[in-house]
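Participant: With the hints as extra help, turn the sequences into a complete structure.
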Amino acid sequence: MIKNEVYAALQITKKEIRFIVGKYRNERGLIVISKDRKKATGRNAWLNEANEVINISEVAGYVNKFIANYEKNFNQKLERILIVYPSSSTAIIDGFAQVLTTNGRFENEDRKMLLHNTKLMSQKDGYKIINIRPYQYVIDQTIQKSTIKVGINAKSIRMMSRVYAVPDNVFNSHNLVIEKCKKEILAKNVEAYVVARQCVGDSELRNPFVILNWEWDNIDLCFFAKETLMKKLNLKYGVKNIVEELAIKMKCKTEVASKYLFKLINFNGNKTDKNVIYRKYLSDKKINFELTFEQIKEMVQELIYSVMDKVDWEINNEFKSLQSAFKIIHNGKITNISGFEKLLARSKYYSQSFVYFSHVTGASEIWTTALCGSIKYMHMANKIAPILATSTEKVDKLTLIEKQKQMMLRQQNEQMQRQQQAPVHQRPIPTMVQPQYNGVAPYQQKQMDPRMFNQNIPAQPMNQQMSVQNLQNNNQFLQQSGIINTQTNR
Numbered sequence: 001m002i003k004n005e006v007y008a009a010l011q012i013t014k015k016e017i018r019f020i021v022g023k024y025r026n027e028r029g030l031i032v033i034s035k036d037r038k039k040a041t042g043r044n045a046w047l048n049e050a051n052e053v054i055n056i057s058e059v060a061g062y063v064n065k066f067i068a069n070y071e072k073n074f075n076q077k078l079e080r081i082l083i084v085y086p087s088s089s090t091a092i093i094d095g096f097a098q099v100l101t102t103n104g105r106f107e108n109e110d111r112k113m114l115l116h117n118t119k120l121m122s123q124k125d126g127y128k129i130i131n132i133r134p135y136q137y138v139i140d141q142t143i144q145k146s147t148i149k150v151g152i153n154a155k156s157i158r159m160m161s162r163v164y165a166v167p168d169n170v171f172n173s174h175n176l177v178i179e180k181c182k183k184e185i186l187a188k189n190v191e192a193y194v195v196a197r198q199c200v201g202d203s204e205l206r207n208p209f210v211i212l213n214w215e216w217d218n219i220d221l222c223f224f225a226k227e228t229l230m231k232k233l234n235l236k237y238g239v240k241n242i243v244e245e246l247a248i249k250m251k252c253k254t255e256v257a258s259k260y261l262f263k264l265i266n267f268n269g270n271k272t273d274k275n276v277i278y279r280k281y282l283s284d285k286k287i288n289f290e291l292t293f294e295q296i297k298e299m300v301q302e303l304i305y306s307v308m309d310k311v312d313w314e315i316n317n318e319f320k321s322l323q324s325a326f327k328i329i330h331n332g333k334i335t336n337i338s339g340f341e342k343l344l345a346r347s348k349y350y351s352q353s354f355v356y357f358s359h360v361t362g363a364s365e366i367w368t369t370a371l372c373g374s375i376k377y378m379h380m381a382n383k384i385a386p387i388l389a390t391s392t393e394k395v396d397k398l399t400l401i402e403k404q405k406q407m408m409l410r411q412q413n414e415q416m417q418r419q420q421q422a423p424v425h426q427r428p429i430p431t432m433v434q435p436q437y438n439g440v441a442p443y444q445q446k447q448m449d450p451r452m453f454n455q456n457i458p459a460q461p462m463n464q465q466m467s468v469q470n471l472q473n474n475n476q477f478l479q480q481s482g483i484i485n486t487q488t489n490r
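Numbering (the numbering used here), first residue to last: 1 to 490.
It is worth saying that the hints were derived from the structure and are not from the lab.
Take the hints with a grain of salt, since some may be wrong.
Simulated pairs of lysine-lysine, DSS-like, Cα-Cα distance not exceeding 25 angstroms [as the list claims (entries may be wrong)]:
hint: 1; residue 1: Lys-240; residue 2: Lys-251
hint: 2; residue 1: Lys-65; residue 2: Lys-182
hint: 3; residue 1: Lys-383; residue 2: Lys-77
hint: 4; residue 1: Lys-342; residue 2: Lys-327
hint: 5; residue 1: Lys-271; residue 2: Lys-342
hint: 6; residue 1: Lys-253; residue 2: Lys-188
hint: 7; residue 1: Lys-38; residue 2: Lys-15
hint: 8; residue 1: Lys-182; residue 2: Lys-274
hint: 9; residue 1: Lys-263; residue 2: Lys-280
hint: 10; residue 1: Lys-394; residue 2: Lys-65
hint: 11; residue 1: Lys-149; residue 2: Lys-397
hint: 12; residue 1: Lys-263; residue 2: Lys-65
hint: 13; residue 1: Lys-226; residue 2: Lys-188
hint: 14; residue 1: Lys-188; residue 2: Lys-119
Facilitator: Encoded structure:
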């Protein structure tokens, strides 16, 4: 359709304003071509405790700079922006709707009516509905299916779904940032859902799995099945709490504790464990306070193990009746600890636990996960939508196809005119067409004498073609997201 699909995505968190621009080129997969991030300094934050943007004008000023930077460098104007809302304030509502078909067939209008009725029946005071995810259909009150197609024979269809909504104040404050930048909103997404889209392969989305998203001041424990976020738990304990408690144990500032946590200690080895890495003079006790690598690592283990125990209890409580295997994927700032995967050994689900690591070209940083997921989801939605909408273009697919046909026809006519105008000796020799007998050319009817072949060499039919996969494209597609057991310090 469009040679290059360009998508810009924005996410505002407590401590960071995140912005990336990604591009899909033909079938080569996602490439991030521009990225910017603005961190809040010290104890400052971009969002309040309710996840509302504190200073909309200030945040919009930084986003405007990010947009201007891209437009200047790539000489391309961004018209629409994808937005990702925080998961911690998201409400998940059970949605139900039923429709009676008019002619015994399920039509597209019936599908629209199901979504419309679900939205009406799922309204919650003080919340805006962001997305509706159907996970089960009941046909004629007997047959249950996870998906259905338009055109099937059915007198009635009942749809069960999960409806995602965010508080009005959160919705409005985040949207106002984009409006102040004088841009349109391309699509709205909840962080937990697009993180799952990025971390889990398309073929595994229907299986049960858990996303453990380690945020700054909380941990989102998200349970998925049938491509749907079924349930979300919010643990009021995040990276900030680990850093603060480590600072107390080390008797230092949080900035110093953060440096040791993410840059100095390494759980992949123990060669330097006995070496003193931290020393401080305590004036009240008039002594030198010293810590080795091993002692600091034990402090970190104690803090993270307490979280693991809580998470195990919640997962066991939710999936205790589940017979099939499921995966647990860890994502977020905490995975930047070198050797973090070794700490997962504490969990009773260790063999099912994985650490997400991005393989998206141009976006290896962990903070880009949700943004890449929102771009990937929009790209997939555009494949089936009648209107193809990106951050730079918006076209009707039928109109685009017709234009492409007209362009090809015009090129063919121009080529024929050039050939007719060329001198006779420069015109291409027309291809000779063999006369057909019952649809088969005479030379195809003749049988080869087997004595003409070297008997030691097996003959291959001329019409046999080997199926060759485009390994380069497949490898690049597989690298758009990756789940690995090992993790490097990022």
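Participant: If a hint holds in the structure, say so; if it does not, say that too.
Facilitator: Hints, verified against the model:
no., hint, in the structure
1, Lys-240 with Lys-251, "holds, 16 angstroms"
2, Lys-65 with Lys-182, "holds, 13 angstroms"
3, Lys-383 with Lys-77, "holds, 23 angstroms"
4, Lys-342 with Lys-327, "holds, 17 angstroms"
5, Lys-271 with Lys-342, "holds, 16 angstroms"
6, Lys-253 with Lys-188, "violated, 38 angstroms"
7, Lys-38 with Lys-15, "holds, 8 angstroms"
8, Lys-182 with Lys-274, "violated, 57 angstroms"
9, Lys-263 with Lys-280, "holds, 19 angstroms"
10, Lys-394 with Lys-65, "holds, 24 angstroms"
11, Lys-149 with Lys-397, "holds, 21 angstroms"
12, Lys-263 with Lys-65, "violated, 30 angstroms"
13, Lys-226 with Lys-188, "holds, 21 angstroms"
14, Lys-188 with Lys-119, "holds, 15 angstroms"
In this structure, the earlier hints numbered 6, 8, 12 are contradicted, and the remaining ones agree with it.
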